[in-house]
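Using the sequences plus the hints, can you model the full thing?
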Amino acid sequence: MFRDVRGKQNIVTRSFNMKQNKTNAGTFKTVDAALVQHAADGSKLHVTPKCMDVSATITELLGVPRPILDNVIFCHQADSCWPLSEGLQLKTKFDNIFAATQYLKLLDSIRQLKKEYDAEVNVLSKTMIHLAKRKERAQEYEDEIRSCTRQFEEGKANCQQVEEKLSDITKKWEEVEKKEAEMKEIEASLKLEQDKLDGTKSMCERIKKNLKEIYEGPVSELKGEIEDFEAHVERQKKSLEGLQEELGHLSHRINDMTNEKSELLPLLGQLESEKRATDIATKALEEKIEKLNDKLGLKLLLPKHSPISEKVSSVLYELSELVKGVQQGLENSKRERDAKVKEQQDRVDNLREQKSKSEQRLESTRKQVSENQKEMMQIRRELLQAETYCSQIRSYENEISDLQGKVAGLEAEIPMENVRERIDTNQKLREDLRQKLELLSRELVDMQKLSVEQAEIEHVRKELDEKRNLLESTKDEARGKFEELLGNFPSTDFATKVKNKVRSIEDQVSVLRSECNKLQASESSLETRQRMVKEDLKRKEAELEKIKKKIMSVCGSEGLDDSIAELNFSIAQLRDDKGCLNGSELIFKRYVTKIKKESSACCPLCKRGFSDSREARKLADAIEEKIQRIPSELEKMTRELSEKEARYNAMMRLKGDEEKMTKLRLEVPDLERQIQEMDDHLERSRKLCAEKVEALDVEEVFNLEAARSLVRDAETIDRLESEVASLQRKLSSRSPGVRRLKPGRTADVLAKEIKNLNEEVKAVDETTATYRGKLEEYQQLKMSLNEVQSTKLKLESKMKEESHLRDRKVKLEVEIEKLKAAESGLVRETNNFEQELCQAGHAKEATVKDAERLVEEFRSRISNREAEKEEIQKSFAAIKAFSENGKLEKLDNVRAKLSAFQGKIDVLEREKFEKEASIGRLQKNLSNEELRQRELKDNLQLHELRVEMVRRETHIRQIREQLDSLEVRNLQLEKRRIAEKMQTLREEREYYDVRCKEHRIKIEAAKRELAGHFKDAKKEYVHDLCKMKLKEKLSKEQDMYYRAINYAVLQYHEQKMKDINKVIRQLWQETYCGDDIEYIKIKTEADDKGLTNSKRTCNYRVVMVRGNVEQDMRGRCSAGQKVMASIIIRLALAETFCHNCGILALDEPTTNLDRANIRGLAAALANIIKERMAQKNFQMIIITHDEEFLRTLSQRLPTSEFFYKVEKSNLGYTTIRKHLLSAIM
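Read in order, the letters of the sequence shown are residues 1 to 1225 in UniProt numbering.
I should point out that these hints are in silico values taken from the structure, not numbers from a laboratory.
Cross-link-like lysine to any residue pairs, in silico, SDA-like; alpha carbons within 20 Å at most: (1) Lys499 x Glu477; (2) Lys774 x Gln404; (3) Lys904 x Ile254; (4) Lys172 x Lys184; (5) Lys849 x Ser860; (6) Lys782 x Gln404; (7) Lys818 x Arg828; (8) Lys1170 x Phe1203; (9) Lys1029 x Leu113; (10) Lys1218 x Asp1186; (11) Lys1056 x Tyr1079; (12) Lys1027 x Asp1016; (13) Lys178 x Ser189; (14) Lys324 x Glu870; (15) Lys1036 x Leu433.
This is how it looks when you write it as structure tokens:
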């Protein structure tokens, strides 16, 4: 139930429905809503959602917009801090509160309407220029139609006469063309036969030059000699093929023996290297044993020349005994270290626990001191403020007297009750002046319409003068060009004469272009041959590079033979290693079996006996472990050997590629030389072609382009002469028919009167603005006076709380002194525990480090002895393996086999050399025989060419006789005469055709323009002029409306923000108990880009002020400051906007506030309630769980008696109960 803005009672009811499903998921929805309105006569009006929107109706009845209800009056706790939200959300909230969006839409629509009017005015103004010219052009088109029709008929008759003459001369031309075609066929056949004869002669001369001896005998004998010679050459070729086949067999045998020899060489190298390695290892092992004996003091008593096996056994035994002693010392050291570390750790744990307890007591004491100091600082700030209240009250009294004096001064200067009347009087005067302006504007438009015809005549005269001046200037500019091109300056038909000259120059250019094409074709042929040679060079270079890369990828360098020899040696060494490894497995197995079976076994190398069975088993285990590793090592060695053999075979296959690479290295320089020669030849050809092209460019660019550019000038001159004649006819046929205007009433006089009236309107506007400024200043002073008086009353009420604060300050000072004394004692106790704990920790670390260092020394000694034993055993195993494998006998056998292979290879090499000598002699004889055979064939060809020459000379004489029978010279003279006459007639016909076509096009174009575009030109001109003036007036009015609304909205927004910030500052200073923020305010930043910008908006942010320094509150304030600022801003908005609706609901206002600020908030709310308690519609609703806040608020509001509490009944239902405030006091 509530009362609306008119004081009438209204009742709102809503029905809700809630269902709970099996899954405990509930659904809550509104079923129905109803509004009952009580009228003054006692009747009731029932409203349901079926007839109107209940929510919108309630908002209207409360007298506040919906954004105020949602964001100010009723705001949930979760959304209560929206004033400190991010910028876009805060801007949206304030825009909704100020209804900025609706105003912006209105301004935008006005601005858009003005833009449309302006666009129409621009279009109409451009259209008026076009319409004014249309009337002038219409008469021009009519005159042009008459002139062109007459010229078209004359040109058509002349063209018919020329066509008849051209028909007669064409028949004569066809007869001459037929004779000329016959003559050209004869000349072509003559030239073809002459070219063939010349080719035959040049071939004979070339054959004679190459022949050493010319055969003069019969042709039959020459052919028989050629056949016998060919049979002899064939027999020699067969002999050569047989020798080459025998040479191939010998090469295969030599290669097979060489391969067998190569297979033995690695084995020889392996055996020799193993023997040298065994001798060196034996000597090194003896030296190592002597050094160990001296270094460790083993006391070995062995003769110098005793076997190496005995020396190794003795050293290994002594090293084992030494390791056992070191291990026993290591175990004793570990036990002592563990006992000492445990004792020291127990002491450290005890001290750490005592220190922790002392630190906890110290922290609690410091926290209590900090809280008391904060409360003390707050009390001091309040006392300091109280001391300044008297001075502030005096300053406010002075300010009140100043403001009252200013108000009285304004009232004395201008009586405020008469200001409104003066403003209204000025508005009426301004309206009268604007009506006079409109009358004068219409009179000026009428006067301009009457002078249109006179303006048309002036326009024609002006255009005629311009055309004449342009014609004379064009002739003067082109006179030199015409005289240079034609030899004189024509009087008429400029374009025809220039075009004839252009055709003559084009014929000359065509001849030069054909010569250039021939040179370019020759150059293209040479470039093609060069490109082929370059492609061959590129292909061979690529092939050479490919072979290099192939050899590099396999060998790693270009030295193929060295790589093959090196790889061959590596393969031989690997084969030896593999053989040794295969034999060692069987020897090791025999050693292990012998050690395990015999009870008194000894070392198989040094023959030294074992001290006990454990030492024998240890040696057997080591050998078995070595045997287990042999298969993996053998597999690895086999794989490596296979890889190297594959690489060796790949290198052998590259032998042919190496020979090919040598051949390519010789061919590439030769090809490069050929390319260089072609480049020189091509450069000479290009230079000659460039000279021809330059001559062509001179003729084409300078002469031809100059003539073509002159064609445009000639056509322009012809067109201008035609247009000048047309304008002269138009001016002579036009009658002045201009109306006389009234004397003394000119357009300038009207314009001057309009200007004076505009100045008067401006003066009236300035006087009105002055009155409005005085009125606003008076209202502002009255508001400031009310604010200062209100602030003075609040300060007087605060001075009464000073005594209570001083008592609390004394109690806090005593308590702080006691806590500080306790704090210093706890600090000393904690420092003592810290020192003892640090000393115990250092002692423990030192003990651990000493023990670890000693253990590390024992471990290092043990690992050194074990490594020495392993090294001695490994060296002795390698020496023993070589002595038991029979490698010396194998070495002698390999050397004997290699010597036998070398003898056989020498015999085969001598036989191969003899075969190669025989093949060389045969090849030389074959080369000489082929030269002789080539010479005989050339003699036969020479005889045949001589017969062909005689036959062609006879045919050429016959053709020349046939050509002489035709009168070639007379035929050419006749053809030239007929061609000149035909060209003259064609040019004349073309001239008349072009002129007739131009006249016909002009006539059709003029008729189309007169029938379509220039129809009703005057009527359209008057209509568009009226329309343009109307749109201009509408546009000015829209601009005036826009500025007035925009100014009013900005003034309203600015005034409201001042009121809001004033209330916010007052509430903050009354409520907030800290001294870090003097006050807060809402900072508005207008996007001010001019009055005509429809997108003008304001950005909002909450700032806190300290010492005239502003900072954004968002992100810098605590949670309590954020809550308090949000509540104060909502209170200020409610104070400013909620005059019709005095309801305000605060949901949990004390969230995140400390006790001092809670008390300040309670005091501020109590003051607001006291000030607005007299209003009938005022109601404040506070929802809170803080009973202390409720208690403080009830103490400051003695008139409040009850509060409502939400509780649960015994049955579990939620109930609202009414309680007395005295129950919680």
